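Participant: With chain A fixed as given, assemble chain B onto it according to the hints.
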Amino acid sequence: MPRTLTINGQEISARNDQTILEAARDAHIHIPVLCHLDGLTDVGACRMCLVEVAGSNKLLPACTTRVQEGMEVRTDTQRLRAYRRQIIELLFAERNHVCAVCVANGHCELQNLGIEVGMDHVRYDYIFPKLGVDLSHERFGMDHNRCILCTRCVRACDQLEGAHTIDVMGRGAKSLIIRDMNVPWGESTTCTSCGKCVMACPTGALFKQGSTVAEMVHDAEKLAFLKAARERKVWNV
Amino acid sequence: MTQRIVIDPVTRIEGHAKISIYLDDAGEVSDARFHVVEFRGFEKFCEGRPLGEMAGITARVCGICPVSHLLASAKTGDDIFAVSIPPAAEKLRRLMNLGQIVQSHALSFFHLSSPDLLLGYDSDPAQRNVFGLIARYPDLARGGIRLRQFGQEVIELLGGRKIHPAWAVPGGVREPLTPANRDYLRGRLPEALDTVKRALAFFKRYADEHSDEVAHFGNFPTLFMGLVSKDGGRWEHYDGWLRITDSDGNVLVDGFDPRHYAQILGEAVEPWSYLKSPYYKPLGYPDGAYRVGPLARLNICSGMGTPQADAELAEFRQRGNAHGVVTSSFMYHYARLVEILAALERIALLLDDPDLLSPRVRASGGINKLHGVGVSEAPRGTLFHDYEVDEHGMIRRVNLIIATGQNNIAMNRTVKQIAQHWIHGAAAGIPEGLLNRVEAGIRAFDPCLSCSTHAIGQMPMIVTLIGSDGTVLAEVKRE
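Protein chains in written order, with the working numbering: chain A, 1 to 237; chain B, 1 to 479.
The shape of chain A in the complex, shown without the other chains (with noise of 0.2 Å):
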């Protein structure tokens, strides 16, 4: 049964069980989205596609909140656009994002956001946590400081792959991406190296061995047509 609702004033029919993210999607309204990948289930972690419904003193996260019939959707307020950028900010000033000499640069979600929100500069005070980096893995290498904990790659590695190689420890902004039980990469048994969780990584977190600045492109788009042709049995052999 088709929902009837609005966004942004337009009036918009969506199926019932799309999330307004979808629903926007499929009516050309662009939401911006951090943790969200197609292909992979969503978590609402990041707060960048938050939208404000009508009725809700809550601000929704657009990716995992259900149309309604009547919903009145507003998806770019002056309030939303503040929050959006308070994000970013925090997000820069949380790790240590280097763009001139990331091997991301000029290929990443959150320097893209950054424009995007208009961050001109973060008003809040660098934390500069001390990071390492893993290149322990002979095709790959991590990167904390510039890992944004969307957990995509956590998502890849245990949807698409099915290894779930790739967790998360600790809590909060000190959570860490780990492998195993907090090993080396190069010393995971559980790791099939098949490079999802570096398609699906946002930023220059995750990238291959030897890539050089502005040299890291993840092909994200990858999973969602991986997850796709599974679904659909394309490769009938």
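Simulated from the structure, these hints should not be mistaken for laboratory data. None of these values were measured; they are calculated from a predicted model. Quick reminder that beta carbons are idealized off the backbone N, C-alpha and C, glycines included. Treat the hints loosely; a few may be bogus.
Derived lysine to aspartate or glutamate pairs resembling EDC-like cross-links, with alpha carbons at most 20 Å apart [claimed, not checked]:
1. B:Lys197 x B:Asp139
2. A:Lys130 x B:Glu47
3. A:Lys208 x B:Asp390
4. A:Lys208 x B:Glu391
5. B:Lys281 x B:Glu270
6. A:Lys130 x B:Glu43
7. B:Lys369 x A:Asp38
8. A:Lys222 x A:Asp38
To be clear about the criterion: a stretch of chain A counts as covered by chain B if any three or more of its residues have a C-beta under 8 Å from a C-beta of chain B, and this derived list gives those stretches [stated by the list, open to error]:
9. 98 to 105
10. 149 to 163
11. 209 to 215
Covered stretches of chain B (in silico footprint by chain A; criterion: 3 or more residues with CB under 8 Å from a CB of chain A, positions within the stretch not fixed) [stated by the list, open to error]:
12. 162 to 172
13. 245 to 257
Facilitator: Frame of chain A, contents of chain B only:
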């Protein structure tokens, strides 16, 4: 009572510096020091980064010569990969380095130093800059600006951007030249050649008419060091053997693999400057003082390797001592112009080489050595990058030896020589034009302090006048 004069900030150089001039009881100059007052710390914060990122990170040492760091770093990566890079990649790297030499030398001569030469050391400081030059000598200023632009275009058309291109990588380069860009650069060459020839004619006339400056702007014997080509010892800018000669033209070191620099070069540290003072170990500090850069490269080489530059080299050496060695630091300007000419001639030759369009420009390799050294000639002199990595390619230790640092001892002697020659009875006050001569002595070296101290900053300078009891009597500041 003795006094100290401080020039702070020193202007029209790359970085932050000040000069102290010490006076004795009679008001005569007893000593002078060139202080570098900025600190950066690249050697420290590169530790823990992956090798692949080093070229991009170290290029950020400087916006004037990012290409020099890029190439030295990429060569260090080649050494750690233990690969020999594709021939096309070496030629492309050479082309970019030549573009770098043209743009940096043009900046030094036309934008920074020619206001002193053309408008005069004693002219109004408010006009004594590139804008004053444009007002008085529009043709020369325009030519110089366009010459620098040409060098920048070589860099941009290869690396995608003028400043900080991340194009040279361990194992080679990312992209070859395109035919359209090659043709464009060819079209720009005649004007660039014409500009440098006019500047050469002007400078030779100027040097003949200003023998006092030539004789007293850092004119003293030192050693000279730089790379020369492996075949024939010719002028070299990218790869070669290290050669050290003295002011009598004797060759002290030749055919030396620059990767073993630590065997022959030591680094002294003085408490009054962040700039280290490298010296030639067998002669000790400070007797082992050597100069690098354009003057040194022209003094040590057997020839330039291109016809027009070779003719200029012969004339250059006629202005030297009985051994054909040019010892005046003032002649760095002259050497810079000869090098621009040589670079333009070599760019013309390279552009005719079909290899530049080859798609095979990058060798792949892994961590095959845990220690690597990359050496090339930056516009200001020999540049050493020296990295130690772990078995995964993580940087463990970095040492950068920068051209300007190697000229540190000579720059100090230069300010002292100029101050002693021109400043007398300073207690009565010093005309600004005399202080500008002291600064100009530093400018002759075209020092890049941002690079050599790995520091942050713009380029102001201070001169302080200090009495024998250590009190500051006068200070001249420029922002």
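Participant: If a hint holds in the structure, say so; if it does not, say that too.
Facilitator: Outcome of the hint check:
For a cut-off of 20 Å, the pair hint linking B:Lys197 to B:Asp139 stands: about 14 Å separates their Cα positions. At most 20 Å may separate the alpha-carbon atoms for a hinted pair to count; A:Lys130 and B:Glu47 meet this at roughly 12 Å. In summary, the hint linking A:Lys208 to B:Asp390 is supported, as the alpha carbons are separated by about 18 Å, within the 20 Å threshold. For the proposed pair A:Lys208 and B:Glu391, the alpha carbon gap of about 16 Å is at most 20 Å, so the pair holds.
For the given pair, B:Lys281 sits about 17 Å from B:Glu270 by alpha-carbon distance, which is consistent with the 20 Å threshold. Restraint check for A:Lys130 and B:Glu43: the C-alpha separation of about 17 Å stays at or below 20 Å, so the hint holds. Note on B:Lys369 and A:Asp38: the hinted pairing is violated, with a Cα-Cα distance of about 42 Å set against a maximum of 20 Å. Under the criterion of a C-alpha separation no larger than 20 Å, the hint pairing A:Lys222 with A:Asp38 is consistent with the structure, at around 9 Å.
With 3 residues bearing a CB less than 8 Å from a CB of chain B, the region 98 to 105 of chain A meets the requirement of three and the coverage assertion stands. Taking a C-beta to C-beta cut-off of 8 Å, the region 149 to 163 of chain A contributes 0 residues in contact with chain B, too few for the three needed, and the coverage statement is violated. With 7 residues bearing a CB less than 8 Å from a CB of chain B, the region 209 to 215 of chain A meets the requirement of three and the coverage assertion stands. Residues of the region 162 to 172 of chain B lying with their CB closer than 8 Å to a CB of chain A number 4, which satisfies the three-residue condition for coverage.
Coverage of the region 245 to 257 of chain B by chain A is violated. Counting CB-CB distances below 8 Å, 0 residues qualify, and the rule asks for three or more.
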